[in-house]
Each structure stands twice: as C-alpha cells, then as structure tokens.
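Visitor: Between the sequences and the hints, there should be enough to build the whole structure, so can you do that?
Residue strings, one per chain:
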Amino acid sequence: MDRVNRQILTILESDACAPAGRIATMLGIEVADAEARIARLEQDRVIVSRRALINWEKTDDELVWALIEVRVSPQRDVGFDAIANRIARFPETRAVYLVSGTYDLAVQVVGHSLKEVASFVSEKLAPLAEVQGTTTHFLLKRYKDDGVLLSELGEPERLPVTP
Amino acid sequence: MSVPKRRLSERVEAIAPSGIRRFFDLIATMDGVISLGVGEPDFTTPWHIREAAIYSLERGHTMYTSNHGLLELRQLLSRHIERLYGVHYDPTTELMVTNGVSQGLDVVARSLLDPGDEVIVPDPGYVAYAPCVTLSGGIVKPVPTSSDRGFSVEAADIEAAVTPRTKALLLGYPNNPTGAVLSRAQMLAIADAAERHDLLVISDEIYDRLVYDGEHVCVPSLPGMRERTVLLGGFSKAYAMTGWRVGFVAAPAELLAGIVKIHQYTALCASNPSQRAAIEALRAGEGDVQAMVEEYDRRRRVMVKGLRDCGLPTFEPKGAFYAFPSVAPTGMDDVEFAEKLLMEEKVAAVPGSAFGACGHGHLRCCYATSLDKIEEAVDRIGRFVARHAAVASARGGA
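Residue numbers (this note's numbering), protein chains in the order written: chain U, 916 to 1078; chain A, 280 to 677.
Quick caveat, the hints were computed from the structure, so don't treat them as lab data.
Glycine residues also receive a C-beta, built at the ideal position from the N, C-alpha and C atoms.
Per label pair, the in silico range of CB-to-CB distance:
1) U:D917 x A:D658: 29 to 39 Å
2) U:A1021 x A:M309: 47 to 57 Å
3) U:K1059 x A:G493: 33 to 43 Å
4) U:E928 x A:R444: 55 to 65 Å
5) U:D930 x A:G522: 23 to 33 Å
Guide: Have a look at this one:
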C-alpha cells in the first residue's frame, strides 16, 4: 500500500470523523485526491465502516459480554469458513475469529443478561452439528478496547508555557 | 551604618530578567486557555520506556552511575549516532550523559570559554544560549537571521562577526523558535568558515529527529568538523522524554576530558532511572520516533496553513515543532499581540522577541498539541487578526 493511503487509514482509525479537507492539509495533498482515495478505500472495503467506540459500562444498560472458545470440525471443501460464517450471522455475536491453539473459533457474544448469553450458547451455538464443544468466559471488566485505554487516570500535568 | 553587602552575585545581576515572565504568570491564572506556548511533546513517554524505568527501580538501580553515564547507554549512543550520521564516538572517552541538553550546554560553555571569549550565536535562538555563554564569562555575538532567508544563518554573516577573540560558534538546528533547518550546502559553507577561522562549533542537535522536509545534517559528520565540534543531543524531543532530563555530550576525547571535569563536580551524573529509560529508548524506540514524527508533520501542515489563512505570513518550518508567523499585518509588536491574543481569545503563544532581537514581530506557536486544539487556536487567532487588521487599516487610512 502506498504511504499516503496508509497515513489516511491511520488518521481515520483514530478519528473516524476526520473530514477529507483536514486530511488533505495534514498530508499535503489536494482535497480531491484525498476524497478519491477515501472513496476507493471504502469501495474496496479496506475502510469497512466508521463508528464510535463506546464504553457501555458507563451507561445504565446492563450488558453481559462473553468470550467463547469453540471447537469445531472443519468441513470438506469449505474448511472452517462455512461454520464460522454461520456463527457470525447470529446477531448475538460481536466478533468471530479463527485462531490457532487448543480451540478453533474465538467468539465474542453480547446479551442483556447472563441467561440470554447462556441460552444462546446452549440453544444456538452448541447444538450446531459441527460444534464439538464450547467454553464460555464471562467478561468482568474492560481495561482497553480496540487500542484505546478505558481507565480514567486523567491527563498528566503539563506546564502551559515552557521554553 | 555601612552599605549592605550585595546578596546576589554581579554575574546573576547581569542576566536580564525575563521580559515575558509576567505574561507566563498571567496564563497560570486563566481558565480555558489553549496553549501553543509549550516547548515539549504532548505525547507521554512511550509505555515500554516508562516500563523499563519502573523495572530498573524494582531491580534496585538507584545508585550513582559513572560520571560519564552508564557504559551500556554510551555504547548504544555511539552506535546510534554512527548509524544515523556515520560519525563515530568512542563510548569510553568521547561520550558523556547529561541531565538534558540544558545542563550539557552549561558544562560545555564553562569548559570551553575564558572571560572575554566571543561566541557567535544566530538570532533568534533558544533562550538559554545567551545566559549560558554569559555565565561562563563569554560574550555573545548575535548574527541576525530573517524570514525572507528562511531563518538560516549564512556563512558570510558568521565571518563578518569573527574577531580575534571569537572562540566558538553556537548552532541550534533544527531551530527553536523558527523551525529552520540548514541544508548540507549551507552547513558545508559554515564548516568551511569555522575551519578558516579556527572556531569551535557547539552544535545543539536536540531536534535532530524532527525534520520533515529534507535531511538533518549532523555537524560533526561534515569533513574536518568532528575534531572541532562539541555535539549536544538528547532524548526529550524525539522520544517525548522532557521530564526525564537525559541528554548527552559527544566530543573529541581531549575536549570531553575537560568537560567531564566540571560535570563530575557540578552534576555528578545523570539520574540513574532516566539513563535506564534512555537505554530502552535506543534499543526499541525507533518505531515510536517515526510515528510521532509523522504525527507532528501532519499537525505542522494544519498549523502553517491555518496561520497563513489568518493572514499571518508564515515561513514554512522544516524541523522541530514550531511555526513562527509574523504578526506585522496587525500593526502590533509581538509582545502586544501575544498579550492581547491571550486576554481576548485565550490563546497563549510566546512572543518571538523572547528568543532574540530578530524574533521581534513574530510569535512562536508550538504544534506539539492535539489537532482539535490547533484548529480551535487557529480559528481564534483568525478572529483576532481580522478584528485588529481592520483597526490597523482604518488607522492607516485616516
């Protein structure tokens, strides 16, 4: 990937709202060029979507998150893809990854209660023919998400004027 | 009754009080100020560097180090300088770790200068240059630079300032406050002049890694210059480590031996945990430097375009993290501009005259702050300039 595109992605990754005009100034390119590059990156689904990172723990909503280790048997011709996509289509799943190690799919699930998550696992996920077994880890506290620290220790002190 | 004895030394009394102190004190009392007045990165030190210092404390590395600094750090520094600039310093006899460049500059000036020795210093320049020379008994000979020549100092101007008492040339490029960087050709011409007049060069290269357009030319890497140059560098700007106070002096063994003499009695050594952190910075901090430089470069473009859109002529800075716009279109001098800007729009920036006579009429604006703040500050400056330029032109027309 060229240097300019990589920089555009870095900027948008930390600020999804950065307007093309500002990005153009930051990189020393024409606004039209920045717009065209962003459009192309969106078209190619390199930029998949632009969204906010929300700390739901600070809201009144009681959400229950879980990380589920799933062991599956791969299928002829399609390997893990068919079962992974099938699991990913459930709206309860937030993320589905194929991983190396002692299990195959790492699945992040969110629900409104412990019961809701548990029943998703026992009634939807576990009964799938290819699924050999699951281990559910409920998420207790979130320290960092998507590269952003969620703890609030405050900004370090900085003198307003220094030589 | 006899006349009371003078309490402070004549040396101290001779240092002019800072004209902008009052202005700084004012900022501390105000809320909602956006400050472009800092001279340090807004990034905190990368975590792996902080973590290395924490680990060093856990291990109990709390004692003095050698006067020269930890040998491991000097070895890494030696390789680092050689890799970047192709000039070699022996880690055992030619490198010394200091409490930042500020302290390095102080011991270097005291080691090299005799009373009455003249030191040529480009104007404007970093605020500590003149006092450090003066405190060592030296005499500052400012050489003017200006925006129409990119704030670069010309060899011919340096030569014009040379007298039989000229001992050294003190350079600080990339430059604080202007952001100017000297090209290889300009540096070669200056090196040539230094050789012809047998001048020492004290080269403060604290901003060496923060160059956005072109290359940083390391003075001792130029032909014939290693033997007459004292190189000052540090970790503050490149690795966002200002508060750690760790820098270095690199010089030929004969000079460094003299410099260490003063350092050992006045500073003893640089802080041990800070030196451990610096080791980690050199070992694994290159990626951080690159990422921060890229970010500064983007902010630089936003700041310069913003200031120019405000109607302030702004020389394009090629290094460090300062823009140095002229405030001439408003008809105000830099101190008046800075004070009114602070009172009316709550934006703090440092009047250029704090950095020397040639800084008059300019404002030092640091872009090592978040983009949102830069954009907001530039909006406020734009409003301010529009209001005052109108007044200035009405006055001019009347």
